[in-house]
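If you read the protein sequences in the order shown, they are chains S and F.
Under our numbering, the first residue of the first sequence carries the number 213, and numbering increases by one thereafter.
Under our numbering, the first residue of the second sequence carries the number 1326, and numbering increases by one thereafter.
Honestly, the hints are just simulated from the structure, not real lab data.
We treat Cβ as the ideally placed atom computed from N, Cα and C, and that holds for glycine.
Be a bit skeptical, because a hint or two may be false.
Ranges between beta-carbon positions, derived for each pair [as the list claims (entries may be wrong)]:
1. S:D543 / F:V1555: 50 to 58 Å
2. F:A1591 / S:E379: 16 to 24 Å
3. F:E1596 / S:R326: 42 to 50 Å
4. F:K1367 / S:F302: 33 to 41 Å
5. S:Q426 / F:N1626: 56 to 64 Å
6. S:V299 / F:S1411: 47 to 55 Å
7. F:S1520 / S:F302: 51 to 59 Å
When the alpha-carbon atoms are kept at most 25 Å apart in a straight line, the in silico DSS-like pairs for lysine-lysine are as follows [said to hold, decoys possible]:
8. F:K1645 / S:K490
9. S:K565 / F:K1412
10. S:K487 / F:K1504
11. S:K423 / S:K325
12. F:K1409 / S:K565
13. S:K490 / F:K1504
Pulled from the structure, derived: some chain S residues nowhere near chain F, Cβ distances all over 10 Å [unchecked claim]:
14. P285
15. T312
16. L313
17. V314
18. A327
19. V328
20. M418
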Amino acid sequence: MFSSFSSNCRVNVTTDPRPAVRMTRKRVSRPIRELHVTQQRVQSGKVGRKKKWQPARCGVGSNQNDKFLDRPPLARTQSMALLYEMVWRFLHALLYVQRTLVAWFRVHIWRWKRAVVGLLLPLALGFHNPKKTGPIGKRTSRRIRFGAEGRTLEKLPLHVGLLITEEEIHFTDIANLVVWCMAVGISYVSVYDNQGVFRRNNSRLMEEILKQQQELLGMDSSKYSVEFMKNGTDKQEHQVLSCQSMVKVLSPDDGRLSIVQAAQQLCRDVEQREKTSKDINVTVLDSLLRESKNIPDPDLVLKFGPVESTLGFLPWHIRLTEIISMPSHVDVSYDDLFGALQRYAVCEQRLGK
Amino acid sequence: MSWIRERELSLLERLTANILKAGPMPKHVAFIMDGNRRFAEKTHVERQEGHSQGFEKLAETLRWCLNLGIHEVTVYAFSIENFKRSKEEVDGLMELARQKFNRLLTEQENLEKHGVCIRVLGDLTLLPTDLQQLIAKSVVATKAHNKCFLNVCFAYTSRHEIANAVKEMAWGVEQGLIKSSDVSEVLLSECLYSSNSPNPDLLIRTSGEVRLSDFLLWQTSYSCLVFQSVLWPEYSFWNLCEAVLQYQLSYRSLQKARDLHREDQALQQMEADRSCVAELLQHRGNGKPMDAQSRQKELLNYTASREERVRCFLNALQHKRDTFFSDLSSQAVVA
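Here chain F stands alone, though its shape is the one from the complex (with noise of 0.2 Å):
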């Protein structure tokens, strides 16, 4: 079945979506689809069926949140963990992978139409060849379109992305792009899968589970919570609403502390920029003090060279992400 339902809302659904509107409303929400083996064991159907029925309602979702003026929803479809399950569901779980990619490159018209987005994140080497070269395709395919994003989390854990983050600064110091001193928290979430998405609002986890299980672990910090008993194949409009209301409500408080982590954090890159520059003008130093002025004016350069050169090593790090996809795309024409 298609990526994207395409279903009107009821009268009252409507009704509600416009009445929601009237308050803040999330940009971007996140989801962890939980509880598709335990709605296969409660129904008496195959654990396959279960994942499939899953993915339906993935799509229902996403209709819903387009529907609702969310045009950012990031999943998480399969994590690293996942591996340790039976072969048999492993396997399972890459065929339906398999098959849904497949249907979104017939899709094509109708992704073009809604102008959806879709990204992969993750380590996607841990997958197999062709499923990666689907993948690659995909995501490729879709790369231009702008109206709605849909981030797939596939082979991801939030710790390997926080890691590969750190690896890719690392890169960027052997390179001789960026110097360590460079590091900062603005620039490792640059570095993450995620960088081209703004945090998420808010993150719902379905099936009664109240935890992260390693996912977005940085990024929703300051993301409103909220989780929900219900399993996720058996997701409803309502609950969605509901969610957003448990959003709206804490909109407020999650405003004033991410206003406050923001001044922190701009304080904090002062201070390390403050730092830096004292310990440069004592290398470079000919005993004479300088002035307030004219330390000043260092301070300002030298912040201006370390943001163009975290701009040089973010396009290079982006044409290296750019090139892993499109050669793996390549790959899957010639094959």
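Looking at chain S on its own, in the form it has when it is part of the complex (with noise of 0.2 Å):
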């Protein structure tokens, strides 16, 4: 980790037009002059002639390679630089150490309480219910409570999106989500990764989902549509008798590359004298962006991972979106989601006014 930070902040100190010097604190109490060098200037010798300007790195002080020997000797603020450098990289050690030890105890204190759970369950329903509740009846009951708290919700989304920004997935924690969504009553469920591991491994995701609802829920594998969406026209869509949600794996592809083929289609109308530049607005091209895709945009985004972005997810539709970023989507639990649902519940969209 260290390497290639130290290679990125190399990267950075070399692109920098002058030697790599930082400020010394003497020189930061000069007044500033100027907030930044072009490389232009200090290749055509221009930096620091006239005596009123002076190059500064970022307006923290000034620093001028040319005026560089009259300055303090040229150890003294490389170590400037050095010490800096190491206090950033112990820094970001810390926040490394803290970051591992947080998502260690997380994990491992949500199995602990699930190993506790299992074992005393099974002990309170012996001493609370005489009637043995069968793996079965175990299932629906979960089913009831998971609908059950759906509803206490002020507001439940209709669409969430599930973005998995870390590299390693895990195809039965995300299946674990997505039937926890379907259970509390969301009718649209999308997930999305930026390398597209989902778009090439869907028939995988489409089995652990099944199986997932049969562990947990005990459903009828009948009862939900599994929709996979495609680039252009929806295929494999599997015909459902009752159809209370769905599910939809999103990839890059879904998002900017979507907006460009709407954009190409608009222009090919123009060419072909079809409509005018002027016949083109936001509600024509949202409407387009909808015809291949027919499901509402997202209410919310389950963020799961370190990486604080979207990765390119449906640019266009999560204008409104809430976005919730949970630690990992490794081992998480119901709670975890439920927890965000009703951070959701209690947002208030003004929407401008």
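Two independent chains are provided; combine them into the complex using the hints.
Put into structure tokens, the structure is as follows:
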């Protein structure tokens, strides 16, 4: 980790037109004169000719490479730069350790909790309920519980996007999340990662979802329709009797690329004189984008992983989407999901007003 | 008050800035300055005062960004959705904008000293004419500066921006400058209001809301998003440092994702060119199959001609936009 960071640091430094020198404390007391040195000015030797104008790295002080010889010795400024870099590395090392510890605790405490509940629950049931609650009964009661909890929330998102930023994907955990979302009463669930892993393994994902449905809820698999997004037209739709929820698999192609394809379509119409450029506006583009993807905009995106970015997830559609971050999708619990839904329920959308 | 505060950082702030700068720093930061009205409520002042304080905070934040080596800042000042607010509030905001842009025009020397280039992004035709003229004057006056850039999104929503870019490309097709097959992700990016800026590295939203609210949706696909619960008028240097730290932590993954996307983009462009050439050859075809070398040559020729077309189109588009601003600006002078 450090080597790559340091290589990044080095890149940062070498792209700077001046040699790798940093501000000394002595220098920073100068008034801020100039803020930026362009490469041209350095090369043309204009740097520092005028007394008034002094190039500074970022206004924190001034630093000229032509007045370099007049400055304190090179060694001193270089050692300051080294010191700052070391402090920076130490800070990031601390943060890394903190993150790892937090993640480790989260996973282990959850596992411990699950184990304890697994041990105690049968005992509790044994005391309070003389009737034998078999596995099917337990699942049915869980399903009812999920549904009931969903109804206690002030508002439930219509469409939830699961955005996985982690590189290693655990399909079982994703399937759990999808099944819980459906059980709570969310109509549309999308699954996305920026490397297209879900798109390439959609059959595996589907199998896992069906398996987890069976295991967690004991549901008849024909009750849910699993539809997979393809570019352009929808394919592989499994016809069902009654569809309560829809699962969509998305990849970066469904984002910017589909906007570009819509733009190409409109330009072709203009080329063939079916439209003029003045006819193009937000509504036209929006309806074109909705043609191929017949789902409402995501109300909520649950982002899993340490990367703080949408990584290309449906840029057009997420204009009013709440983005809630979760630490990881690995060993995620129903309580984590419900906590996020509770956060969503209390947020207030003013829509510009 | 001035657009850029002339204030030095304290010793501790300077130290922190230097430490942060040892790592990768964002070159372009976008701010959603949310929380002015809540701040006004909290401190029992008028809403207008809240917005005014918000502007002061903007000036201070610009100074911090310059200190940290962030030379490009984009701010979300007024959304097209904000027109839905009460007439009183909207008029108040327009008046504030008039004051600030007027102030800007009197600060030419200061802006030149710092080399600040102000750009205003959005559908300016929705604004009152006198404000449009003021804005045009400010933009034209600071156009030549190139040390740091402030992009103010006024009467802006991202969907409008994208739809407008598509409209511009359609205009290009109408004028015969480009073909519909030339439309690509790169070309669309060049047609956005923000085409003269690189994509933001870091987007910061204050006041605790965790949504993008139609701001730079296209441009922030691979940016670091930081949501902070502090209200905008209470923003501090340490909040900014926290956001930059967050950026540094996500830096490697974001670089990787961006590189992957760029590779995909290049591949898609090549595929598109290939299929266009194949179509072209089919139309031209005289039945003889072409060998690989001449096919490659055709492909290179096609790519070169496409790039030339696109270049001419983008020049024409830039000229159209520059003319819009200079016309408005000269109207202001006459008036």
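Consistency of the hints with the structure:
Between D543 of chain S and V1555 of chain F the C-beta distance comes to about 32 Å, which lies outside the given range of 50 to 58 Å. Checked against the hint of 16 to 24 Å, the C-beta distance between A1591 of chain F and E379 of chain S comes to roughly 22 Å, which is consistent with it. Distance hint check for E1596 of chain F and R326 of chain S: the Cβ-Cβ separation is about 48 Å, which falls inside the suggested range of 42 to 50 Å. The beta-carbon spacing between K1367 of chain F and F302 of chain S, approximately 37 Å, falls within the hinted interval of 33 to 41 Å.
For Q426 of chain S paired with N1626 of chain F, a C-beta distance near 59 Å keeps the hint of 56 to 64 Å intact. Distance hint check for V299 of chain S and S1411 of chain F: the Cβ-Cβ separation is about 50 Å, which falls inside the suggested range of 47 to 55 Å. Separation of S1520 of chain F from F302 of chain S is about 41 Å and departs from the stated range, judged on CB atoms against 51 to 59 Å. Under the criterion of a C-alpha separation no larger than 25 Å, the hint pairing K1645 of chain F with K490 of chain S is consistent with the structure, at around 16 Å.
At roughly 11 Å between alpha-carbon atoms, K565 of chain S and K1412 of chain F fall within 25 Å of each other, so this suggested pair holds. As the CA atoms of K487 of chain S and K1504 of chain F are separated by approximately 15 Å, the hinted pair is consistent with the 25 Å bound. Taken as a hint, the K423 of chain S and K325 of chain S pair is honoured in the structure, with Cα atoms around 24 Å apart against an allowance of 25 Å. Proposed proximity of K1409 of chain F and K565 of chain S is supported: the alpha carbons are some 6 Å apart, at most 25 Å.
Only pairs whose Cα atoms come within 25 Å are accepted, and K490 of chain S paired with K1504 of chain F is accepted, the gap being roughly 17 Å. Every C-beta of chain F lies more than 10 Å from that of P285 of chain S, the closest at about 19 Å, which supports listing it as non-interface. Non-interface status of T312 of chain S relative to chain F is upheld: no Cβ of that chain comes within 10 Å, the nearest being about 13 Å off. Residue placement check: L313 of chain S keeps its beta carbon more than 10 Å from all beta carbons of chain F (closest about 15 Å).
Listed as a non-interface residue, V314 of chain S keeps its Cβ farther than 10 Å from every Cβ of chain F; the least gap is roughly 13 Å. Taking the minimum C-beta to C-beta distance to chain F, about 32 Å, the non-interface status of A327 of chain S holds against the 10 Å cut. No Cβ of chain F comes within 10 Å of the Cβ of V328 of chain S; the nearest lies about 33 Å off, and the non-interface call holds. No Cβ of chain F approaches the Cβ of M418 of chain S within 10 Å, the least distance being about 25 Å, so the stated non-interface status holds.
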